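J.: Position chain B relative to chain A; hints supplied.
Residue numbers (my numbering), protein chains in the order written: chain A, 17 to 417; chain B, 17 to 417.
If you are wondering where the hints come from, they were derived from the structure by calculation, not from laboratory data.
Please read these numbers as outputs of a predicted model, since none were measured by experiment.
One or more hints might be untrue.
Given that identical chains are not distinguished, each listed pair holds provided it fits within a single copy or across any two copies.
[What the hints assert, rightly or not] With a straight-line cut-off of 30 angstroms between C-alpha atoms, the simulated DSS-like cross-links for lysine-lysine are: (1) Lys-376 x Lys-410; (2) Lys-41 x Lys-374; (3) Lys-398 x Lys-351; (4) Lys-398 x Lys-69; (5) Lys-101 x Lys-363; (6) Lys-283 x Lys-363; (7) Lys-42 x Lys-374; (8) Lys-101 x Lys-374; (9) Lys-358 x Lys-410; (10) Lys-410 x Lys-382; (11) Lys-69 x Lys-374; (12) Lys-376 x Lys-42; (13) Lys-217 x Lys-69; (14) Lys-389 x Lys-101.
Number of protein chains: 2
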Amino acid sequence: MRVLDGGGVTSPEGYFAAGISCGIKKNGKKDLAIVCSEDISATAGVFTTNIVKGHSLQVTMEHLKSGYATAIVINSGNANACVGKRGYEDAKEIAKITAGLLECDIENILVGSTGVIGVPLQMDLIRPALEKLVENMSPDGGHDAAEAIMTTDLVAKEIAVEFEIQGKKVVIGGMAKGSGMIHPNMATMIGVITTDANISKSLLDKALKEVVKYTFNRVSVDGDTSICDMVILMANGMADNPAIIKEDKDYVKFKNALSYVCTDLSKKIARDGEGATKLVEIKVSGASTEEDAYKVASAIAKSPLVKTAIFGEDANWGRIITAAGYSGATFNPEKVDIYIGKLLVCKNGTAVEFDEAKAKSILQSKEIIITVKLNNGKFSDKIWTCDLSYDYVKINGSYRS
Amino acid sequence: MRVLDGGGVTSPEGYFAAGISCGIKKNGKKDLAIVCSEDISATAGVFTTNIVKGHSLQVTMEHLKSGYATAIVINSGNANACVGKRGYEDAKEIAKITAGLLECDIENILVGSTGVIGVPLQMDLIRPALEKLVENMSPDGGHDAAEAIMTTDLVAKEIAVEFEIQGKKVVIGGMAKGSGMIHPNMATMIGVITTDANISKSLLDKALKEVVKYTFNRVSVDGDTSICDMVILMANGMADNPAIIKEDKDYVKFKNALSYVCTDLSKKIARDGEGATKLVEIKVSGASTEEDAYKVASAIAKSPLVKTAIFGEDANWGRIITAAGYSGATFNPEKVDIYIGKLLVCKNGTAVEFDEAKAKSILQSKEIIITVKLNNGKFSDKIWTCDLSYDYVKINGSYRS
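So that you can see chain A by itself, here it is in the shape it has in the complex (with noise of 0.2 angstroms):
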């Protein structure tokens, strides 16, 4: 396997993508993006969890339970959330003027939003960009298109992959959008994933379910589940290769090559955190349940003031050990030890002397392993979220106006 440099999206073959401005943002910068493929691809979809959705959101449930989808367009700036039953009938009239453009059933156009709650979409906006959006299709628009998606990101996240299957060269692609409002609840940010794979349907939904799980699905920047979430994967199958049926070494293949992006996405997501400064992993081991480790993994990463500490560059290991005790996992604290890096700050649960210079020096880089070992059985789990600063304030302060 190897990744493609400046790959993304459109990378597989037969993708098209474009990104453009129509003006909802009013600084101008793009924020209405296409990806689409030549030939209608088999496509999964993992949604939020939260029991708020947005509108677009739910037509794209919706025109998803066909299992195909041909093009999907996403607009940023405005969530077509919370507005009512207009929000639902503009997500739809995109999907409708979209499908009118590339010649399909509208049931093959997914719409996605992702900005502002509570403000009508800008229809007067979108309605005469999109066949400018359609029009400005290119193989080379993946860039455009990650550009598009962005709120609060400060840099597009985009990645590639070449492998081959019986032979034959089969690329995976992606894009993500972070930067707030992110933690795990079976779903996460926007991300579109695309592939020339030919895969049947029923192997592409459980790749990208048990694929997100452990990457998409561990990233909080802030512990909050957003109502927009989804991570859609496209496979049009003009690689060629023999179809991929059944759980085989080509499947663990595809499937490898797919966590290998949606990692790399969800770092990016991590690091690009609203005010991040630092990428930071928080790898816990030694829990007694696969439950438990994911609790204690979640109370760190999420813990406010873990995150102001790291930010700080202060080695306040007696945080981690209490947002550990509060989790709700059981484990005995006499047995939990604590690394910084590979710098041990806290044995059987016990203070340990330790380098306070080498422990701000390992604080002082840009990205950070937090280790906490259970001793206490098996089960493990990893979490990437970021540290909280100044700038996380900020930029939520005020993020309307």
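T.: Then chain B, alone, in the frame of chain A:
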């Protein structure tokens, strides 16, 4: 019932207190407190549910098995937690020395510690200071004690109320400290409540447990539940009222007064939360179960996105409904109404036109009520919290230094 001017833990008959500086806090501020009753007191306690527990708290839980106490000694600046066997021995030694000075059993001395985790108690400073502490005790020492238990608190938190039971004047006083690592989980911060009421030990336990649930257990500053939290309620019976031994109208009067004291201290803790600029009350009604009402209130109170928006005085109600949606409670999003102050901002889960200037002016006040009506049942709840500001990040970025 009447609130006593400048009242605190020494307002009830027969209580003495002191607060001195023994040198744990490097800035010379008070860091050692004692609250002592002339007569041995029936004493109730509620403790953190964090499975990691501070050593002083463990000693207090052990000593309180008898149900009676003479005094509680609390140090700030050091949590006496996660330092191994030594931590337990140090807490025991503080109790032993104090018992010697007060000529009582060691089991009648309770101990509390709050501050940095993982650093052994500075016993060389505490040991010689205990004699001075006891010498300094006076019936006017309540305020000094309240100051000596402060950590990042900006103001000492105290109150006392007076009421009558069968013609006898009864007083309840209290002090508490916040102001970070605070989230309900059956216990909270450190609080000491004193009363001269004559009440049976079992009713004292019952009253404290019931009152704490809707007062101290309804405060959230940052979602982190500390490992040193406890609320202690001492009753020495010196008011000489006919003993409260059943759940009659005298018990109700006592419980109402206790509730007033605990509510006042809880709101003071939220208002003085780390970096807080506003006290925020989250009211949830119309939930289909008691648990759901709590879940929704708690998720909103914890959400960094909601809290930063309030800091920024931005009426971003989309974040409020989002937090409700991921809280785990079951409700129909299309029936939810949200008010900021008395201003309706969301009706039936849908945006309503509202006066942004009016919303801004409501959010500029120091006390804000956010009401979420789920319109789904008959259960309600409320939580006090605060906004999330730059200063929270500043305070917690370098707590140990």
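J.: Run every hint past the structure and note whether it holds.
T.: Tested hints:
1. Lys-376 x Lys-410: Both: 26 angstroms inside a chain and 17 angstroms across chains, each within 30 angstroms.
2. Lys-41 x Lys-374: between (45 angstroms within a copy, 25 angstroms between copies)
3. Lys-398 x Lys-351: Answer is within; shortest intra-copy Cα gap is 19 angstroms, inter-copy 37 angstroms.
4. Lys-398 x Lys-69: Answer is both: 27 angstroms inside a copy and 25 angstroms across each meet the 30 angstroms cutoff.
5. Lys-101 x Lys-363: between (57 angstroms within a copy, 13 angstroms between copies)
6. Lys-283 x Lys-363: So Lys-283 and Lys-363 pass the 30 angstroms test inside one copy only (29 angstroms; across, 38 angstroms).
7. Lys-42 x Lys-374: between (46 angstroms within a copy, 24 angstroms between copies)
8. Lys-101 x Lys-374: Classified as between: cross-chain Cα gap 27 angstroms, same-chain 57 angstroms, threshold 30 angstroms.
9. Lys-358 x Lys-410: between (33 angstroms within a copy, 27 angstroms between copies)
10. Lys-410 x Lys-382: The answer is both: 21 angstroms in one copy and 20 angstroms across copies each meet 30 angstroms.
11. Lys-69 x Lys-374: between (46 angstroms within a copy, 28 angstroms between copies)
12. Lys-376 x Lys-42: between (41 angstroms within a copy, 22 angstroms between copies)
13. Lys-217 x Lys-69: The answer is within: 25 angstroms in one copy meets 30 angstroms, while 51 angstroms across copies does not.
14. Lys-389 x Lys-101: between (50 angstroms within a copy, 20 angstroms between copies)
Violation of the numbered hints given earlier is absent; every hint is satisfied by the structure.
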